[in-house]
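So the chains spell out like this:
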Amino acid sequence: MKKISFQTLFILALSLITMFSVVSCEKKTTQKLKIGAVFSVTGGASFLGDPEKKTAEMLVEQVNKAGGINGVQVELIVMDTEGDATKTNLAVKKLMTQDKVLAVVGPSTSGNSIAVIPLAEETMTPLVSCAASYKIVNNPDTNKPYKWVFKTPQSDSMAVEAIFTHLQSKKINKIAILSDTSGFGASGRAELQRLAKDYNMSIVADETYGPKDTDMTPQLTKIKKLNPQAIVNWSIGPTQVTVVRNWKDLKMDGIKFYQSHGFGSLKNVELAAGAAEGVYLPLGSVAIADILPENHPQKTVTRQYVNDYNAKYNEPLSSFGGHAHDALKMVFAAIGKAGADKAKIRDELEKISGFVGQHGIFNMSADDHNGLDKTAFNMLVVKDGKWAFAD
Amino acid sequence: MFHITIKSRIVFIAIVLICPWIFYLIPAVSHYLDILIFAGIYCLITIGLSLLMGYAGQISLGHAAFFGIGAYISGILTTKYGLNPWVCILIALFVSGFIAYCIGVPTLKLHGHYLAMGTLAFGIITFIIFNEEITYTGGPDGMGNIKELQLLGFPIDTNMKYYYLVWLTVVLALLFSVNLIQSRVGRALRAIHTSEVAASSMGVNVAGYKIQIFVFSAILASISGSFYAHYIKFLNPTSFDLFFSIKLLIMIVMGGMRSIWGAIIGAVIIAFLSFEWLGAFHEFETLAYGAILLLVTIFLPDGLVSLPGKFSEQINKYLSKIKA
Amino acid sequence: MDSAFFFTYFLQFVISGITIGSIYAMVAVGFNIIYNVTEIINFAQGEFVMLGGLIMVIFYNKLDLPILIAFLMTVIVVAMIGLLIDQIVIKSIKQPTVLTLIIGTIATSILLKGAAMFIWGKNPYDLPAFSGREAINFFGAVIQPQALWVIGILVVVVGLLSFFFEKSIIGKAMRACSDNQDAALLVGISVKRMILLSFALSAAIGAVAGVIVTPIALMEYDRGAMLAVKGFAALILGGLGSFPGAVIGGLLLGLIEALVAGYISSGYKDAFALAVLLILLFVRPHGILGNPTVAKFKKF
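Residue numbers (the numbering used here), protein chains in the order written: chain P, 1 to 391; chain F, 1001 to 1324; chain X, 2001 to 2300.
Everything labelled a hint here was simulated from the structure, so no lab data went into it.
Because the structure is a prediction, the values reported are computed rather than measured.
Certain hints may be false.
Derived contacts from chain F toward chain P, CB cut-off under 8 Å, selection only [unchecked claim]:
#: 1; residue: Glu1132
#: 2; residue: Thr1135
#: 3; residue: Pro1155
#: 4; residue: Phe1234
#: 5; residue: Ser1239
#: 6; residue: Phe1275
Backbone N, C-alpha and C define an ideal beta-carbon position, used for all residues, glycine too.
Go ahead and model the full structure; you've got the sequences and the hints to work with.
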């Protein structure tokens, strides 16, 4: 009996694996409307992707219960990018070429979104990103948006402008900026630096820290020495809470403190254990659904979303989920009008006007694939552990 | 130890050449080609690491750094300075090699956990530099718009072409490494692995060989990084963090440290796990990696490469029993 | 007047550095206990800290147990997890080379992190400070009462451990194992039990560190890896195998980070600290207080 060699076994194994994969990949073709979603559900940007995924799944469930779009059920294919550009690339490629989805919602982060713009353009599939950078909807060569790419979040620049406008109203022009070295923090820092001149802001200190650091007193101590009138902090995760605590500890609350919209969850206020009183921040309407006046155009939509989300997931809302809400709802609307035709869906997306979303009222156009302006942010202040409109 | 016969090398090359066509023709798995490209990119790193760890008995917990150096140098020089990508790949590998030499000379004098820490520190420092030097690397937001490669005027723009580019390089690296192992250098490495003191008393230039292998593995990682940059056309520091260095370790351990085949098998399997099989699992993925790594470490310390051997051993035992 | 400001700011950085350094020191001590008895570096050490903080959250915040009982139970639970790791992971590895053990413990840390993500989710958690949050004025700088607890508990832990290893029988038995396992076996010491104990003790110390640092820095499921790296660096800096080395290494690392963040560049503080470590290793391959002979013979 011939000895079975290692090579033979290897080839055998390889063929078995191939056959197994082929078999397991047989997808039944159904008559559903396929929408792809790529979010950073795990990894460093999970604060974005997790609520976005939950929101997306909730919305698809709701729309299917109501009979689908024009009677046809929706199938949502969610893929986790873990915040990794490589995975995002492969996931989007698979969704667009293999699964042949009608549109893709996401990715969650700016870096990953920019990385997949070429894919959307090549495969001519509409992509509605849930990330903030203006570069996503601006082709630097033509200064116009990419044809197939849209985004729903307000740009970081709008948040910065809201903050700067407020600072100006308080006659403040000497500020210090603090940011973490994550993509979120770095992006905010870049915008703060870029827009400072337009608002006559002089930045006397520019300190950074790591996203997992536990103590920012060195950075704050440095800032204290330079006596700014206000501090603007741009970070996400536990550091935003730690930095506020440090600010209180160092008795620096004479210097006004501004957070980014990343702070916009009451959970953060709670974790700050009282140190967040008096802190300012810009936030989309979705987070303040409760305190919006009754006649506010976004009142109904935001209240509905907040209630549904709380009821289904039993956890406080994160404003970031709202980006996925807006993206998906717009895609639904576009499909409703255009049917299962990617090019027509894209056209319908571009025609959206007066769409009341969680983060603002959207008016898309051929020159503007974001559809928002700086009024999409409200300036808030923390009062008695809750949000209040800042004066 | 798996003797790498000429026959097995030929079989391997044949598989490399034919594989993509199989996947290409079956629509359900045509995206496997993409995954294989990444697998190939990983292979280039793991082959070098396998020589370093499996044969020379050293450890590197920071190899993602060289991968990143190759990627960023290629990316920065081609986008910001418009240099020819192939020239940049060469520059990148020289720089990587040089850095590896500078770091290697003092670090490889360390042993055991001190060496592990040294390479770990190097990896983290490099990652921090990628993150901080925003003007060059784009920082945490990353840098994009990296041009694709061209070979003699023909753009390498389809997956199929990129696959061949990467995997033919893998084959070359493999053949080179195999020759290395079966040469004087290989024997010297194995001697060093067994006992540095004994080897040195036999006249083996221990320090010299260790550094050579370290530099070689850094060069391979750098080439791999350059290919990665030109394929995905977008770089982000998180692709070169500590966890990637650990993933490389997982690939080698899972495949089998004592064999170059192990490096390849490990890279391919982890590539498939990352991008295909665990795709449905999201939150499970971290758990799955930990569990897989743990199980392999406990039950299959010689890696998956040893599996067919053990398997065929069992089958042959069984067959000979029947015969009897 | 300027020199007073200078002093105040310097002091502030020092306080910050010593506080975080104490945590690194505790992680380093935890590493060292296991290392001394088994020569294994348990990369899951950082996860013990994470688990300490998060499990305390369950006992104290969720189940409302009185603080001392919650603390004790947390430490016991984490110590048991340490035991399990020894029994399930370490014992099962058939060819315990340094490399396989490093990888095995890394795998364990990944598993623990994954499990923590399931149980506690990805959000950070808080614990109330032991004696309030009113910052104390100290020569112009401010210090959180919790930071004093951290430093204080480090001193207590180091003191207890020194007493344990010097004066108690079990402690001496553990030291015997680390000096010469065969000799220890010969005089009737159950090496297996000592190893078990070392894991439990190490985990317990990690848990203590987690509980006391969470009120300052919050705690989430993925904090472990960074702490493990820093703690390991601290131990290497101080010298593998040396307790005073672990403490000095931890404090030094924390100080360097804080001073670099304060005076040079906050973004590069970790890089600086690690660079200092590298340079030290090149000059003094066995760390500040480590054993030179040991450093030369380590094999994989």
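Structure-based check of each hint:
1. For Glu1132 (chain F), the interface hint holds, the least distance from its beta-carbon to any beta-carbon of chain P being 7 Å, beneath 8 Å.
2. Taking 8 Å as the C-beta contact cut-off toward chain P, the hint placing Thr1135 (chain F) at the interface is violated, the least distance being around 11 Å.
3. At its closest, the beta carbon of Pro1155 (chain F) sits 14 Å from a beta carbon of chain P; the interface hint therefore is violated under the 8 Å criterion.
4. A hinted interface residue such as Phe1234 (chain F) counts as satisfied when its beta carbon comes closer than 8 Å to some beta carbon of chain P; here the least separation is about 4 Å, so the hint holds.
5. Because the beta carbon of Ser1239 (chain F) sits about 6 Å from the nearest beta carbon in chain P, less than 8 Å, this interface hint is met.
6. Hint status for Phe1275 (chain F): holds, given a least beta-carbon distance of 5 Å to chain P, under 8 Å.
In this structure, the earlier hints numbered 2 and 3 are contradicted, and the remaining ones agree with it.
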